Amino acid sequence: MLIKPTFADYDITPVIDDQLGILSESQKQAITDANEQLASKPNKQQIWFISTDMKNDDLNNGDYYMDWDSLKELGFNFANLQQEGVGLHDALVSKYTHTSYSSDDYESVQKNNDATNKVNIIFVDPNYKYSVLPLLSSIGEIADGTLHSFFLTHQFNYTDTSADNVMSSFNHLYHFTNKYVAIKDVEPGLDFSQMTAIVILAIILLGIFLWLRHRHNYHGPKHTSFWDSDGDSSYDNGFIDGWNYGDNDDNDTFKY
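Quick note on my numbering: the sequence shown kicks off at 386 and runs consecutively.
No lab work stands behind these hints, which were simulated from the structure alone. Every value quoted in this text rests on a predicted model; they were computed, and no experiment measured them. Certain hints may be false.
Said to hold, decoys possible - DMTMM-like mimics (lysine to aspartate or glutamate), calculated; alpha carbons at most 25 Å apart, straight line:
(1) Lys480 / Asp570
(2) Lys480 / Glu469
(3) Lys429 / Asp394
(4) Lys480 / Asp490
(5) Lys426 / Asp394
(6) Lys514 / Asp549
(7) Lys426 / Asp490
(8) Lys413 / Asp396
All chains, please: the whole structure from these sequences, using the hints.
Written out as structure tokens, the structure is:
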């Protein structure tokens, strides 16, 4: 199923808020450059970087905690992280855009919806069980199909808050966003059942190909004359010689 994103396009500035001082200036510039590239794509996306200590943050209340218990119950993977991280994603979007999806102001709601659709976030907080959280935009979640989620789950290191890992996480998220989200038609990609069907079909086609090639190269058994049909090809005149020997032998016991 193809999804063509349609929403109002507001001027939203990509956020880099490195309260923990993890990144260098050159690394921050690399994030800025990547966001400029994403802004030129058919489906405009952004990747924010936010590092903070939630103990002292004004988002630190019950509405915006990650539901770690539910995540543990579901099993940790990239897709479940997106499901349980929606509240945190929405809270961060609301804070940095000064908007709210529940506002009485129509423009505030529309801008919040636009930001929710286009903003992906690398969020770092050492107080969380998983300290490095890649959070997708609403449109990004559409592209997060079964296979995509499987590979993304194993690409990220969710506990290392070093600059190297943060940039590695950013690059993984950028690659996914640039290839599968910031495009005209967004789709979830293949699931495991579809992939299995493709593999089985490929095996069948390979088997048919090998069988046809064998048939093409096979010319059947070698056709031989009656006289050389005996298994002992080193002596082909045994029958005639035997006839002659018998005919000229002095022992006539078996002669007619």
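Evaluated hints:
1. Lys480 / Asp570: violated (30 Å)
2. Lys480 / Glu469: Holds: Lys480 and Glu469 sit about 19 Å apart, inside 25 Å.
3. Lys429 / Asp394: holds (9 Å)
4. Lys480 / Asp490: The hint holds at about 16 Å.
5. Lys426 / Asp394: It holds: about 13 Å lies between the C-alpha atoms, which stays within 25 Å.
6. Lys514 / Asp549: Satisfied, since the Cα-Cα distance of roughly 19 Å is no more than 25 Å.
7. Lys426 / Asp490: violated (29 Å)
8. Lys413 / Asp396: Holds, because 20 Å separates the two Cα atoms, which is no more than 25 Å.
The structure fails to meet hints 1, 7 from the earlier list, while all remaining hints are met.
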